[in-house]
Amino acid sequence: MTDTADDGRGGGAADDGRTGVFVAETDAERRDAFAVRRAVFVDEQGVDEAIEYDNHDEPGADATHFVAYDDGAAVGAARLRAADETTAKAERVAVAADRRGEGWGRDIMRTVEETARTKGFDRLALHAQTRVHEFYERLGYDAHGEEFEEAGIPHIEMSIGLDDA
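The sequence shown begins at 4 in the working numbering and counts up one residue at a time.
Calculated directly from the structure, the hints in this document are not laboratory data. Just so we're clear, the structure is a prediction, and the values are computed from it rather than from any experiment. Heads up, the beta-carbon is just placed ideally off N, CA and C, and yes, glycines get one too. Hints should not be assumed to be uniformly reliable.
Claimed, not checked - Cβ pair distances, simulated, as ranges:
hint, residue 1, residue 2, range
1, G148, A85, 19 to 29 Å
2, D51, D30, 20 to 30 Å
3, E47, D125, 27 to 37 Å
Work out the full structure, taking the sequences as your base and the hints as a guide.
See the structure below:
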């Protein structure tokens, strides 16, 4: 397999051929998740790397990272952290461009929701890029407020009650 920095698809952590969405528990799994994020947000969408990676990505930060693998290749990623005592926030949800439309986004979000529920949160919030907000609506998320810009990209706030997810 290739090094995760070479092609943005991962491979370093899941040489065992795993398929599914997993909490990124090892450094290699985190690198795989970050490689997917870089490919989607920095390379594809032009987000400044200084904005894409923040203090919630540092080792020991209070955030849970997820990586999706298909037969050992990293195809998706997400991050979960507390917004307040009752609400968690899903962030940096990404699926590799050549793997979109295969259900990976749905699988990632369901795993993030279950993890948030297990951690005792009642709601899950996120900032959806407006071009994909219908994806989240299909999963049961409701939009709130006005469109706003984040990292130069239009977004809308969305959330779901975890009893509804």
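Could you tell me whether the CB distance from D51 to D30 stays inside 20 to 30 Å?
holds (24 Å)
Go ahead and decide if the range 27 to 37 Å is satisfied by the Cβ distance of E47 to D125.
Since E47 and D125 have Cβ atoms about 34 Å apart, the given range 27 to 37 Å holds.
Falls inside 19 to 29 Å, the C-beta gap from G148 to A85?
holds (20 Å)
Hint compliance for this structure: no hint is broken.
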